[in-house]
Amino acid sequence: MTDAHDLLFKTLADPTRRAIFERLCRSGEQTVGALTTHAGVSQPAVSKHLGVLKQAGLVRDRHEGRQTHYSAQLGALAPLVDWTKEMAGFWESRFDDLEDLLKRMDQ
1 MTDAHDLLFK TLADPTRRAI FERLCRSGEQ TVGALTTHAG VSQPAVSKHL GVLKQAGLVR
61 DRHEGRQTHY SAQLGALAPL VDWTKEMAGF WESRFDDLED LLKRMDQ
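Counting in my numbering, the sequence shown runs from 1 upward without gaps.
The set of hints was computed from the structure by calculation and includes no laboratory data.
Among the hints, erroneous ones may be present.
Stated by the list, open to error - In silico DSS-like pairs for lysine-lysine, Cα to Cα no more than 30 Å straight-line:
id : residue 1 : residue 2
1  : K85       : K54
2  : K85       : K10
3  : K10       : K54
4  : K85       : K103
5  : K10       : K48
Put together the whole structure using the sequences plus the hints.
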């Protein structure tokens with residue numbers, strides 16, 4: 001696994017960051033204030049989490065006056081999707097092999 005993969009997994013491992021990212025995915029672009037209302041943590045904590053999400057490429061910011069608007073970057077999840085597909089294929093193959101073995105044992 002590459003460093004980029006590690007950063008993505010580490011970033012999404014935190015439940016608060018994951019919740020913020022999910023909110024941006026579901027609700028679209030939002031300000032720090034709007035995200036803080038639903039995050040259950042302080043505004044500085046939300047800002048810190050957004051910085052980590054931005055560093056991992058999961059969110060993008062846009063400045064408008066004194067407000068900063070954040071939006072989810074779904075394309076950044078591609079390595080996670082690829083890894084999940086790879087692992088699903090691996091386990092499917094293993095379960096197929098196990099099924100074949102059990103059928104041979106029943107004969």
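For K85 and K103, compute the direct alpha-carbon distance and say whether it is at most 30 Å.
Given that 30 Å is the threshold and the Cα spacing comes to 27 Å, the pair holds.
Hey, K85 versus K54, does the alpha-carbon distance stay inside 30 Å?
Distance ~25 Å between K85 and K54 Cα, so the pair holds.
Given the hint that K10 pairs with K54, does the C-alpha gap stay at or below 30 Å?
At roughly 13 Å apart (the allowed maximum being 30 Å), K54 and K10 satisfy the hint.
Given the proposed pairing of K10 with K48, does the C-alpha separation stay at or below 30 Å?
holds (15 Å)
With the threshold set at 30 Å, check whether the alpha-carbon distance from K85 to K10 stays at or below it.
holds (19 Å)
The structure is consistent with each of the numbered hints, conforming to all of them.
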